[in-house]
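Asker: Mind docking chain F on chain Z? Use the hints.
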Amino acid sequence: MSDEKKKSISLPITGTEPSASSDGPKTRADGGDALSEIEKVVNDHEIVIYMKGIPQQPMCGFSARAAAILASYGKPFQAVDVLQDPAIRQGIKEFSNWPTIPQVYIDGEFVGGSDILMEMHENNELAPLIDEAFAG
Amino acid sequence: MIEPHIIVQKIEDALPGADVDVEDLTGTKDHYKARIVAEQFDGKNRVARHRLIYDALSEEMKGPIHALTLEVFTPEEWERRSS
Numbered sequence: 001m002s003d004e005k006k007k008s009i010s011l012p013i014t015g016t017e018p019s020a021s022s023d024g025p026k027t028r029a030d031g032g033d034a035l036s037e038i039e040k041v042v043n044d045h046e047i048v049i050y051m052k053g054i055p056q057q058p059m060c061g062f063s064a065r066a067a068a069i070l071a072s073y074g075k076p077f078q079a080v081d082v083l084q085d086p087a088i089r090q091g092i093k094e095f096s097n098w099p100t101i102p103q104v105y106i107d108g109e110f111v112g113g114s115d116i117l118m119e120m121h122e123n124n125e126l127a128p129l130i131d132e133a134f135a136g
Numbered sequence: 137m138i139e140p141h142i143i144v145q146k147i148e149d150a151l152p153g154a155d156v157d158v159e160d161l162t163g164t165k166d167h168y169k170a171r172i173v174a175e176q177f178d179g180k181n182r183v184a185r186h187r188l189i190y191d192a193l194s195e196e197m198k199g200p201i202h203a204l205t206l207e208v209f210t211p212e213e214w215e216r217r218s219s
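So the protein sequences, as listed, match chains Z and F. Take the numbering used here: the last position of the first sequence gets the number 136, and nothing is skipped along the way. Take the numbering used here: the last position of the second sequence gets the number 219, and nothing is skipped along the way.
This is chain Z alone, in the form it adopts within the complex:
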């Protein structure tokens, strides 16, 4: 696989034997499982939000708020609609050991849900994190 991993997080992935051609996380289309796909998406994008609905049409107030905060920084972010994908909806909770959605990842790291995102936004803690993700 030609995709370069930017950063790896050590997460045990069960049920996926790395093939000879790739030892990184894989999408389900490439033979990975939901957790492996999540790891790949989180690693491949500076900012990722797992949410209910899409930023243009959020299906939950908390997801709407988190997506709006991210959008306010003017940087591209990857939004994954968990309502379209039951395996990801369940998998994301296991991936981060976090029971709620939305979930925001910056630079491969879990940042938190909408409450934490809002607090960091208000305390001016989010801008440096985002800047650093795009600088790297």
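For the record, the hints were derived by calculation from the structure and aren't laboratory data. The reader is advised that the hints may include incorrect statements.
Below 20 Å or equal to it, Euclidean Cα-Cα: the simulated SDA-like pairs (lysine to any residue) are [unchecked claim]:
(1) F:K180 / Z:F110
(2) Z:K93 / F:K198
(3) F:K198 / F:L161
(4) F:K180 / Z:N97
(5) Z:K75 / Z:D33
(6) Z:K93 / F:A184
(7) Z:K93 / F:L206
(8) Z:K52 / Z:D23
(9) Z:K93 / F:V158
(10) Z:K40 / Z:N97
(11) F:K146 / F:V158
(12) Z:K93 / F:L161
(13) F:K146 / F:E159
(14) F:K169 / Z:D115
(15) F:K198 / F:H141
(16) F:K169 / Z:M118
Answerer: For chain F alone, kept in the frame of chain Z given last:
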């Protein structure tokens, strides 16, 4: 649906001595806001603090509680905020 006093009890059991205030945001007993002041939060970041609460309510978060907004403070932080 879940009664607010059960949420308070579960959090207090997990964090003895914590000051817990739970508010029913919608009047439907499934969307709650909880403000928790606990010395157990000292030295822990936000994610770790929220995880303590989610762990205390792990069963409830799977169904009866649809949404839970959390505000988490150490006693020191809470005092600074209120003053």
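Asker: Now, for every hint given, state plainly whether the structure supports it.
Answerer: Structure-based check of each hint:
1. Distance restraint check for K180 of chain F and F110 of chain Z: the Cα-Cα separation of roughly 15 Å lies within the 20 Å cut-off, and the hinted pair is therefore satisfied.
2. Between the alpha carbons of K93 of chain Z and K198 of chain F the distance comes to roughly 11 Å, so the proposed pair stays at or under 20 Å and holds.
3. Taking the CA atoms of K198 of chain F and L161 of chain F, the gap is about 19 Å. The hint holds against a cut of 20 Å.
4. Only pairs whose Cα atoms come within 20 Å are accepted, and K180 of chain F paired with N97 of chain Z is accepted, the gap being roughly 16 Å.
5. For the hint linking K75 of chain Z to D33 of chain Z, the alpha-carbon distance of about 29 Å lies beyond 20 Å, and the restraint is violated.
6. Simply put, K93 of chain Z and A184 of chain F have alpha-carbon atoms about 15 Å apart, close enough for the 20 Å limit, and the pair holds.
7. About 18 Å separates the Cα atoms of K93 of chain Z and L206 of chain F, which keeps this hinted pair within 20 Å; it holds.
8. The suggested pairing of K52 of chain Z with D23 of chain Z is violated, with an alpha-carbon distance near 31 Å, which exceeds 20 Å.
9. With a CA separation close to 24 Å, the supplied pair K93 of chain Z and V158 of chain F exceeds the 20 Å bound.
10. Taking the CA atoms of K40 of chain Z and N97 of chain Z, the gap is near 17 Å; set against the 20 Å cutoff, the hint holds.
11. Using a Cα cut-off of 20 Å, the hinted pair K146 of chain F and V158 of chain F holds, with the two alpha carbons roughly 12 Å apart.
12. Taking the CA atoms of K93 of chain Z and L161 of chain F, the gap is about 24 Å. The hint is violated against a cut of 20 Å.
13. Using a Cα cut-off of 20 Å, the hinted pair K146 of chain F and E159 of chain F holds, with the two alpha carbons roughly 15 Å apart.
14. With a CA separation close to 11 Å, the supplied pair K169 of chain F and D115 of chain Z stays within the 20 Å bound.
15. Taking the CA atoms of K198 of chain F and H141 of chain F, the gap is about 18 Å. The hint holds against a cut of 20 Å.
16. Proximity of K169 of chain F to M118 of chain Z is assessed by CA-CA distance (about 15 Å); at most 20 Å being required, the pair is judged to hold.
Hint check: violations occur at hints 5, 8, 9 and 12; the rest are consistent with the structure.
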